[in-house]
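Engineer: Chain by chain, the residues run as shown.
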Amino acid sequence: MRKINTIYIIDDDPITVFGIKKILGTVVQCDTLATYGNGKLALEAIQEHLTNELAIPDVIFLDINMPIMDGWQFLEEFISLPINHKVRVNIITSSIDTADVENWEHYRSRSHHLITFNNKPVKKDKLDLITKLA
Amino acid sequence: MLKDRHIRTTSYLVKQLPKATAFLNSELEVAHASDKWIDYFNFEDRNVFGRKVVDLFGAAGKAWQKTFKECLKGISSGTTVEHYTNTDQKECWFEQTIIPWYDEQENVIGVIFQIEDVTESVVHQLELDRLHLLYNAKTEIAKIGSWNYDLADQKLTWSKMTKRIHEVADDFVPNIDTSINFYKQGYSRNTISMAMEKAMREGVPWNVKLQIVTAKGNVKWVIAAGKPLFKNNILVGILGTFQDINAQVIADLKTKESERLLKTLIDALPLNVFVKDLNSNKILVNKAGCEYLGFKNPNSLIGKNDFDLYPKEIAQEFRDEDLQVMNSLEPILGKECITIKKDGSSTTLLTSKIPLVGNDGKASGLVGISLDISELKQKEEELRDLINVTSLQNKKLVNFAHIVSHNLRSHSANFSMLLDFLVNEENGEEKENITRMLVEASDNLLETLENLNEVVAINTNTNLVKKPIMLNGMVKKVTQNLSAFLKNNHAKIINDVCEKVVIPVIPAYLESILLNFVTNAIKYKEPTRNPIIHLNCSFEENYMVLVIKDNGMGIDLKKYGDKLFGMYKTFHNNKDARGIGLYISKNQIEAMGGKVTVTSKVGKGSTFKLYFNEKN
Numbered sequence: 001m002r003k004i005n006t007i008y009i010i011d012d013d014p015i016t017v018f019g020i021k022k023i024l025g026t027v028v029q030c031d032t033l034a035t036y037g038n039g040k041l042a043l044e045a046i047q048e049h050l051t052n053e054l055a056i057p058d059v060i061f062l063d064i065n066m067p068i069m070d071g072w073q074f075l076e077e078f079i080s081l082p083i084n085h086k087v088r089v090n091i092i093t094s095s096i097d098t099a100d101v102e103n104w105e106h107y108r109s110r111s112h113h114l115i116t117f118n119n120k121p122v123k124k125d126k127l128d129l130i131t132k133l134a
Numbered sequence: 001m002l003k004d005r006h007i008r009t010t011s012y013l014v015k016q017l018p019k020a021t022a023f024l025n026s027e028l029e030v031a032h033a034s035d036k037w038i039d040y041f042n043f044e045d046r047n048v049f050g051r052k053v054v055d056l057f058g059a060a061g062k063a064w065q066k067t068f069k070e071c072l073k074g075i076s077s078g079t080t081v082e083h084y085t086n087t088d089q090k091e092c093w094f095e096q097t098i099i100p101w102y103d104e105q106e107n108v109i110g111v112i113f114q115i116e117d118v119t120e121s122v123v124h125q126l127e128l129d130r131l132h133l134l135y136n137a138k139t140e141i142a143k144i145g146s147w148n149y150d151l152a153d154q155k156l157t158w159s160k161m162t163k164r165i166h167e168v169a170d171d172f173v174p175n176i177d178t179s180i181n182f183y184k185q186g187y188s189r190n191t192i193s194m195a196m197e198k199a200m201r202e203g204v205p206w207n208v209k210l211q212i213v214t215a216k217g218n219v220k221w222v223i224a225a226g227k228p229l230f231k232n233n234i235l236v237g238i239l240g241t242f243q244d245i246n247a248q249v250i251a252d253l254k255t256k257e258s259e260r261l262l263k264t265l266i267d268a269l270p271l272n273v274f275v276k277d278l279n280s281n282k283i284l285v286n287k288a289g290c291e292y293l294g295f296k297n298p299n300s301l302i303g304k305n306d307f308d309l310y311p312k313e314i315a316q317e318f319r320d321e322d323l324q325v326m327n328s329l330e331p332i333l334g335k336e337c338i339t340i341k342k343d344g345s346s347t348t349l350l351t352s353k354i355p356l357v358g359n360d361g362k363a364s365g366l367v368g369i370s371l372d373i374s375e376l377k378q379k380e381e382e383l384r385d386l387i388n389v390t391s392l393q394n395k396k397l398v399n400f401a402h403i404v405s406h407n408l409r410s411h412s413a414n415f416s417m418l419l420d421f422l423v424n425e426e427n428g429e430e431k432e433n434i435t436r437m438l439v440e441a442s443d444n445l446l447e448t449l450e451n452l453n454e455v456v457a458i459n460t461n462t463n464l465v466k467k468p469i470m471l472n473g474m475v476k477k478v479t480q481n482l483s484a485f486l487k488n489n490h491a492k493i494i495n496d497v498c499e500k501v502v503i504p505v506i507p508a509y510l511e512s513i514l515l516n517f518v519t520n521a522i523k524y525k526e527p528t529r530n531p532i533i534h535l536n537c538s539f540e541e542n543y544m545v546l547v548i549k550d551n552g553m554g555i556d557l558k559k560y561g562d563k564l565f566g567m568y569k570t571f572h573n574n575k576d577a578r579g580i581g582l583y584i585s586k587n588q589i590e591a592m593g594g595k596v597t598v599t600s601k602v603g604k605g606s607t608f609k610l611y612f613n614e615k616n
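First to last, the sequence lines map onto chains A and B.
Here the first sequence stands for residues 1 to 134, numbered as in my numbering.
Here the second sequence stands for residues 1 to 616, numbered as in my numbering.
No incorrect hints appear here.
Think about it this way: if two alpha-carbon atoms lie no more than 30 Å apart in a straight line, the pair counts; the simulated DSS-like pairs of lysine-lysine are:
id	chain 1	residue 1	chain 2	residue 2
1	B	595	B	395
2	B	609	B	477
3	B	523	A	40
4	A	40	B	601
5	B	559	A	86
6	A	123	B	431
7	B	379	B	296
Label pairs and their in silico Cβ distance ranges:
id	chain 1	residue 1	chain 2	residue 2	range
8	B	408	A	77	26 to 32 Å
9	A	47	B	490	33 to 39 Å
10	B	384	A	128	52 to 58 Å
11	A	77	B	527	21 to 27 Å
12	A	77	B	415	29 to 35 Å
13	A	128	B	459	40 to 46 Å
14	A	128	B	428	24 to 30 Å
15	B	415	A	29	27 to 33 Å
Residues of chain B clear of chain A, computed beta-carbon distances all greater than 12 Å:
id	residue
16	19
17	42
18	43
19	83
20	86
21	151
22	253
23	260
24	385
25	534
26	537
27	596
Treat the hints as calculated values from the structure; they're not laboratory data.
We treat Cβ as the ideally placed atom computed from N, Cα and C, and that holds for glycine.
Isolated chain A, as found in the complex:
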């Protein structure tokens, strides 16, 4: 089974979180799997890890519509953090709004990280495909 050190799930919907977690258990082996209810909580955790030179996530599952700090606001902050290695950010959303797709393209072109756009529901095959090191 593929091994990935750290995975973050940033989503305020407990059912989605449950689902991702459940599938992840069947496709990868992971040391740390952390969940955050909004972008702000996740960003704070990453910033803290950066300061303390702790592990930075290799793969992030990111929801867009969240309270306090949504997915886009999180990305805005995240791509400017001093992270040298390439992180895979998988946007998971039920949105089919073209504005969201445009936003994704905007961030993708501005960042050295690998950012993907995925519509819900994310089935096992798909998740397997996007849970890899960037």
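Could you slot chain B onto chain A? The hints should help.
Structural biologist: This is chain B only, laid out in the frame that chain A set:
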């Protein structure tokens, strides 16, 4: 002695002749001369007898000498008329007669030289000739003929021109009956018959414009005039003129017709048409222009200028435009301007001003055409408003469609995922767990549908009737209903809404809105202090504004401003936050024709301004 006596007697006879006469002997010396003759030539020395004519007349005498000498031979030059210019540079005329002087035996013994001043009669004759020429020319040009009726022999004579006007041959002989029959039957013939009868009976002259039918069958307009002639108070005849004015009348009729056409056209135009002189005084205003300015009679507008009709500033603007057009000779075309009339009413005009250029190439005034497009403008504005409303609605609709699709999709995605798990799960405990989550998802979906339904209801239920509600009373009612909630949170409400304020609202909406804003202010209170909510109201343009100010935690509008009133947007770590309240309130306010704005400072509090439309 006897002979001498005879000569003297003859001399004395000649002296008294009433004509200037001289008898010259064969030596061409003056033998006898009448005083008149001596006077005529005004000799310095009156004693001319025995002197030679050559000496008496000098240069002129030499010219005559030849004639005299011829005459001595018996050849008479008869009577001739000569002319000369006198010392006053006046043209003078005289008639001279030089004939042989015979004795009893018919021998030529000298010359009789008679002279008469005919200047006056020659001048008269010349004047007569000139007048005659002039008369003929005038007759020809003005086509004026004449006629004369002699009552004594009942003879009517027509001049050549009169005959030409009647288109008859030059030898045509008219009489009263035939001449009257030339007039067109009806008005013309009746008029001339009556005029003639009246002239004969009462001696009244006439001058009338009538139609004749010529010998060739052409209908012509003429001016027929007649003047009875009296001798010793007895009518002896009638003298008249006859003028062909057909060309003028036809031209006149055409001009009148064109004028009428133009006037009808200008008056019927649904445009304000006016003509101004160099001083911008109106010299023509059409019907529409009069009505526009509130005048019934166009004549009462003539001579007026814009300063009489419009407020000073606008009139000055018009005058400047007029001057520009008249000075540059360049028209102003289709200029839109807003005009305020003296009665204060405002209209939008589409005006063109075209210079009227005189024969000297300079402007003599201008023609103006303006179209009142106020109604069009208003329609345009209404249309623009409608487009704004529509595009706003459309935006809302698209937004709502996204909300619906997003929310429904997120739920259905969850269902799909959970069901997928359930099918493949073998662990009984996990199956139960998944089932529990499915139920939760289902509840969430139901709630979402209810929320969406509520929003749809607000936006579609447009026939809910607005009622005037006392704002203060509604605040009191909501405070009452929330009393337990307020007490638990140690919240204080300060109601400074003016008691008299009544606004047209949908009561249920207003109550829901107030409830939402007040509970929000408490839900998002600053934990370190007790919530205080201050409500008051003010007027702003067409709106009654309800201001709700709290001392809560505030909100970072830079970050969340555009999402604050969005659906399912929450911004605080609050378990109760559903992200639906403000969205619904906003929809309700907008459904009542109002709007909502917010100012906020993190840690200090927020102020919401609710605008209620005064109009229905």
